[in-house]
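Participant: Chains as they are written, first to last, in our numbering: chain A, 1 to 437; chain B, 1 to 437; chain C, 1 to 506; chain D, 1 to 506.
Hints listed in this document are in silico derivations from the structure and should not be mistaken for laboratory results.
From the three backbone atoms N, C-alpha and C, an ideal C-beta is built for every residue, glycine too.
Errors might be hidden in some of the hints.
What the hints assert, rightly or not - Reference listing, derived: stretches of chain A covered by chain C, where coverage requires no fewer than 3 residues with Cβ under 8 Å from a Cβ of chain C: (1) 62-73; (2) 262-270.
What the hints assert, rightly or not - Far from chain C, by Cβ distances over 12 Å, these chain D residues were calculated: (3) S34; (4) V45; (5) L69; (6) T74; (7) V200; (8) L215; (9) E305; (10) D321; (11) G336; (12) S448; (13) T503.
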Amino acid sequence: MLDFLGLGTLDDLFETVPDALRLASGLDLPPGRGEPDVLAEMEAFAEANRARSDRMVCFAGAGAYDHELPAVTRSLAGRSEFVTSYTPYQPEVAQGVLQAIFEYQTMVARLAGLPVANASLYDGASALIEAINLGVAASGRPLVWVSQGVHPHWRAAAGTAAAGTGHDLRSVPLVDGVTAWPAPSEAPAPGGEPGVVVVAYPNHLGCLEDLEPARAWCDRTGAVLVVAADPVAAGLLRSGGDWGADVVVGEGQAFGTPLGFGGPYLGLFATATDHLRRLPGRLVGETVDTEGRRAYVTTLRTREQDIRREKATSNVCTNQTLMAVTAAIQLGWLGTSGLVELGQRCAVATHYTRDALLALDGVEPYAEAPVVREFAIRTPVTADVLLERLADDGFLGGVALGEAYPDGERALLIAVTERRTRDEVDRFVAAVAGALR
Amino acid sequence: MLDFLGLGTLDDLFETVPDALRLASGLDLPPGRGEPDVLAEMEAFAEANRARSDRMVCFAGAGAYDHELPAVTRSLAGRSEFVTSYTPYQPEVAQGVLQAIFEYQTMVARLAGLPVANASLYDGASALIEAINLGVAASGRPLVWVSQGVHPHWRAAAGTAAAGTGHDLRSVPLVDGVTAWPAPSEAPAPGGEPGVVVVAYPNHLGCLEDLEPARAWCDRTGAVLVVAADPVAAGLLRSGGDWGADVVVGEGQAFGTPLGFGGPYLGLFATATDHLRRLPGRLVGETVDTEGRRAYVTTLRTREQDIRREKATSNVCTNQTLMAVTAAIQLGWLGTSGLVELGQRCAVATHYTRDALLALDGVEPYAEAPVVREFAIRTPVTADVLLERLADDGFLGGVALGEAYPDGERALLIAVTERRTRDEVDRFVAAVAGALR
Amino acid sequence: MSAPGGRATSAPLVGREEEPTLFELSRPGRRAWSFRTGGFPDRSVDDLVPPVHRRAHPVDLPEVSERDLVAHVTRLSARQFSVDLGAYPLGSCTMKYNPKVCDAVAALPGLAGVHPAAPASTVQGWLALLVELEEALCAITGMAAATLQPAAGAAGELTGLLLMRAWHAAAGRPRSKVIIPDSAHGTNPASVTLGGYEVVTVSSDERGCVDMDALHRVLDEDVAGIMLTNPNTLGLFEEDIARIATAVHDVGGLLYYDGANLNAILGVVRPGDMGFDIVHMNLHKTFATPHGGGGPGAGPVAVAERLVPFLPGPRPVRTVDGPLGYGWHTPARSIGRVHSWHGNALVLARALAYIRVNGADGLRRVAEAAVLNANWLRRRLAGTLDVAYDRTCMHEVVFSAQRLRRDHGVRALDVGKRLLDHGFHAPTVAFPLVVEEALMVEPTETESPETLEALAAAIEAVVAEAASHPASVTAAPTATPVGRVDEARAARRLVATFDARPTPEG
Amino acid sequence: MSAPGGRATSAPLVGREEEPTLFELSRPGRRAWSFRTGGFPDRSVDDLVPPVHRRAHPVDLPEVSERDLVAHVTRLSARQFSVDLGAYPLGSCTMKYNPKVCDAVAALPGLAGVHPAAPASTVQGWLALLVELEEALCAITGMAAATLQPAAGAAGELTGLLLMRAWHAAAGRPRSKVIIPDSAHGTNPASVTLGGYEVVTVSSDERGCVDMDALHRVLDEDVAGIMLTNPNTLGLFEEDIARIATAVHDVGGLLYYDGANLNAILGVVRPGDMGFDIVHMNLHKTFATPHGGGGPGAGPVAVAERLVPFLPGPRPVRTVDGPLGYGWHTPARSIGRVHSWHGNALVLARALAYIRVNGADGLRRVAEAAVLNANWLRRRLAGTLDVAYDRTCMHEVVFSAQRLRRDHGVRALDVGKRLLDHGFHAPTVAFPLVVEEALMVEPTETESPETLEALAAAIEAVVAEAASHPASVTAAPTATPVGRVDEARAARRLVATFDARPTPEG
Ligand SMILES: Cc1ncc(COP(=O)(O)O)c(C=O)c1O
Ligand SMILES: Cc1ncc(COP(=O)(O)O)c(C=O)c1O
């Protein structure tokens, strides 16, 4: 091939790279190794993780949950046609991915109780950020009220992004586990009239809060209501749309994606049709081919960065399609009854666990509002210490509530999914009792 | 649907089953359980196996080897089109499996050094039995000389089958690790003029033997020479065909199939064109479709049981196609150079291990003939005791040679594949030393 | 012709181009393999292997990159129909959907990574699993014990016949004949021959069942036994089974049950209760093993009490004393091994998982749905095709295309080929032999009413087309990756390896 | 129209029939799910969840059996092109083959099963892995440290711009503009806006590189920095990079390297050595993450020493004291989090495995092959299509179909569509914007010479056909699962969910 190009050596290929810049001695990396050696090295990393769901019983949640990952979802989502294809730029050879996304969009819209959903965003945090951007653009007001019930990492990420957009994010505190919105009578504090109001459902403490006050503020001020909703709880709870949300965002990891140390996950995003032209990210629509057969294609592309460039609704390009396809498969696996059953099983197990823990000496509720899959407790020792002790007993005992909340160091957030059994919970409660003794 | 059939209850479907025979109280089995529960139960069985290759270093062989199972082979062979299809009775929608088998047949024929190979048999033992049946039919003489170097389980299975066919199987003993064929001068003992002569290469002790004497006997008597050859050693060794075999059989597990407690494995079968009409099992041939495009189809079907019934060459129907497809993929992965490399690595590691073990006090060679991947040693304690001690140290230390061989209880057969590292071997040798102390 | 070399184009998705063989894609020097670093001191194989044993040239295998290997095999897979793609109403083959959880079971490192010769103390999980499976299969069949060694149905048949032979021999009255009905699966007569017996065929009566008179005519003291499938391969239940059993037992013969497909009788009736002495089962039909393009399977054989001492060994058993819960045991008068190891163990693990998931209740529902679906199709298509035996069938139903052939020259085979164009696999054609132009349909319990209706509608459409445009049917299929394949040429000019191809022109 | 319900026919394999949606296949009461038995005492949810929160009706989801779900999704997959099926010469997208061993890595239970909030003491393996990846990425780019949090390239860009902003702010001289070339990828301007900057575009010169004069005209003290891709999106190396760097640094600006695709420069030249301050990488292009139909990816950002204190946190680090080897650390002036957790961790694990398998030598060979392949195609097709900039390119090459359009009315888009009929994915069309009727071809290093030749031959054939039978090209594709798709209608009559479909006639 070099001959064909009239070149002498492979180095000549890089003739356009100035000599002075070229790496003289190669990369400072070890030489290549055989795949089995590398796999063994990676297995050694894996072995060094004690907190793996096949060896430690998982009560951690906080936005990442140990739900059922059925073989059927894994094998279907692992089909190489899905895994090794690109963004469906050529719809004629991409109907598989396109139709799967179309089905995903439909399911997410139904979960959210809103008419449109996009083809995915990176994760819960990025979905929230895009929702805020959409809300500010729609309302024309950069003041954003964010309930402290929203996941602290998502709030942090939104804060990071706000440095660029200049949005003014104000935290609204929780009191007794639910957001203490300013009373309607108060001067619209903090910060003036909000353009966007963000609330989580259930919130980070696992608590269910009444979304009416938030909706009322939006009605009063013309703000956009963003609800960060747990899509698993949708089996039992009213949808964001039903509460009057303009945008519903969420983390879709629970639908078929492994814990994976936090990624890749799946940002869910649904909205009302008014906001269609502001929708961030990809959207698949139904159409026909030249012979009138049903076909799918990415649509309303003029919103997107590759066409609109600096005026795009968002900069997102690569998204989480494979996770979206996975979620569509998993939601198909669950079906109407499975989602209800899932919600119920989580709720029953969560309440059983909560009751048993609260019966222990020294354990107190962190908040009293109703919960469905997660709850926080206060303990006499710090959460970090407690977690270490529980880890030695084979339990990932929860997530320390941490600095984001008052006295959070002594508070533990505990999630109980449908994968937990009574036996596991009983042993866990005993281990907590032991650890506190 | 019952209505459509004019039936009242599901029970009515079984109206043709006499009442007296119907199960009144249902099967004596527990009620159905959820898949996750069952998976957990199966995981508990798995957990109860200490001898798993991810936790114990494997030096066991004896016909089942711990070779590399690359991710690429596993993922390709796991494609559901291969896994969930039937025997390719409709070639127009089965070109995938058919072509894969055609490629497999070609590769097996080349490994064997013979022109034709079938589409697979159950395992090494069944391939041997079919070869004996073919040989007796071809020679017209039911006397079969079987070298004791042939795997004792295969010999046992051949003996079982001989009860039906009436073939007269005679063992020819090993002396110094190689078959002691009757001298050409001797009265053709044992049993008269053989119709079939069977020899293993390398044999069960791992030893390489000269196949000329066996070939000479066949030439003299018109017997069919069957060589049970290790296909991995084919990277280094002369093929059965090259030694003059009429039929080459073998166990194909080493090519991409997991140890799997002994199955499903893969019976390899190749032969000379003279024996084509006696070939057992399926055979794929190339042909064309109506438009002249290359296509594949199962052929010479009149040999098979579904057409020839009691006159068929064999009763085999379901075979091991998926393992054959797997082997074709794995042999494609290995390629010419990989098979050589594989053979070399096994040989180097095997000799290193053998030398180190023989340097230990009390360890002696069981045979002196040359070896490539496996060898036997004599130890002062019984092999069973030694294996238990080694298991406690994390080693599956080999396979007890056992009753099939003289003083076999104190002999251990040790296989060293390309997956073993020097560090593992050094630790193993130290463990053997410790166990013998 | 296709460009050779590592050509990555996706013919299957977009058209009907040939896929070159891996040999044509090969280029010397390319490779995909990689091994662990052993770290052993270098040694030349020439020092290790004597020259007489060294091969002169390496084995010629395809040399391709991993990329080209993956593209090739993926494209091959795209030229292959499968259950996961669509319905496969192939009678006698039970191409049902198998739950994916069984794949996960078979892939567990603690099952898949276990060496078959590891000491019993280190494989207690496997031994327990096998014992539990044996017990479950006995409960399902109503037998006393089972061997799990046979690798497929035919291997099970031969094992059963060898048990029969050993039993008669032990009783000191060896016999020479085994009776099988004319509708029997081809493996039955082939196995009988291998078992050292002579095949005696009994014909079916006009209802598709064993003709009792014919049976009585052939029964004598030289009959070792009879092999039956019940429901038989016409999908019909042998109502006279109790009388058959008595008649055979009366002459000292044994009853063998070809339980290749148990779908129809699970939880309904048990071979043991019908009087059978020996039963083989195809776990790859009823018990959740996908067929893998032709295998692997597993064909355990369960037997009545009196045959237990003859079972192949070693068998996994619960130990009665000693520190271990499970061990190996070879029965006193064992016929010996019938497999290199313990049978197709990973297939056996799938089967136990499947039985556990279904349980007693679920297995019964399997039978109900399998039989309901077959009868629904029988009724639904009764006006379209002739039903070979128009009575309640079990899990499969045999139609006949005799009239189509007579009136329009369209054969059962053509109907099957045309169905491929409709996206369905063809039914079994030309079997069972006792029905002219047979089309044997086994919908299985896993297809939905909508699929059955779509299948029926497709068959209706093909039959209608056979009358209106017979040539379109006989020229089918046209929408498949290749058109109708020249089978005669394949046999006439045998090319069974790439090396046997005539050298290409030019 | 397709029969609704759980219809199992394999349209994709045999024809071009539609696949119904899962909603149409749904039948109330069917189910696929099953859960572990919890064993908790029964309690009614009505006691647990106050009525105001309870939904009135369950969420309407498809109700299908596992069998129908599998058939549906498998059939969808059969309507999808992919790298594993064939070559995907999509410029700027780097659709290369990724070794399967990386899938095995991402599936390891000890990596995939780890909760992201588990205490550091229980995730030492993950922390070590991430630190080692960071170090390797720094070695490759010549930078001091990196954040692994960004989930894709665009997220990396925004992170980089926020770092730029924080740095200028910390230095007390906030700025308002960022310069990008007109050939830049669309995410660059979009990210600049989100970073709070104004986009200033510089044009390319006639050689396809940044026009130095134009650059000097826009450079001033209000410029926060410049975003460049080098090789740029025309596949050309910006030879003047050192002068550009000096010029930008001279006005106090920073240089941002859009390293979406590093294939061309691995082991050849490092962004750090060219003078860049910030680099993002798309691990899903260069480092072994298959694209998953559009994602997930990972877009780590590496920075020069002076920007390290601003990196997002918490970062995985080697600990200097304490009992643990690895821990978390948030830099002093961190811009904050840019991900819900720690980034797309399983993608990061794949990348480290890929880097280890290749090593320094292998990565260099990647660059050589990527560049060699692109230049070979450039040369091979120079007589067939116009090369936009006919000079040595790097890993991709841009052709123009301008003449075809002018002479025959065939556009770049049509050429791409017709290539689909030849079994290849289309090149990138209509990007970069600066080339009329652009056809941007990136063969990648994983395609063989034979594949390149087959691709070239197919392009030649299409170009010839465009002259002889332009209508066949503009009507393409015809051999694909669907014909050319009506994109305008999709936007005009938006149907973005099944519920938005007009109710079917009848
Ligand atoms: C009725 C019947 N008996 C026996 C067999 C033989 O089983 P196998 O193919 O597993 O050898 C089959 C299946 O092919 C069958 O359908
Ligand atoms: C040059 C260039 N920059 C940036 C991006 C954006 O990366 P991502 O799609 O991961 O957000 C891409 C890829 O799409 C690209 O090709």
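Participant: Against which earlier hints does the structure fall short, listed by number upward?
Facilitator: Hint check: 2, 3, 5, 6 and 12 fail, others pass.
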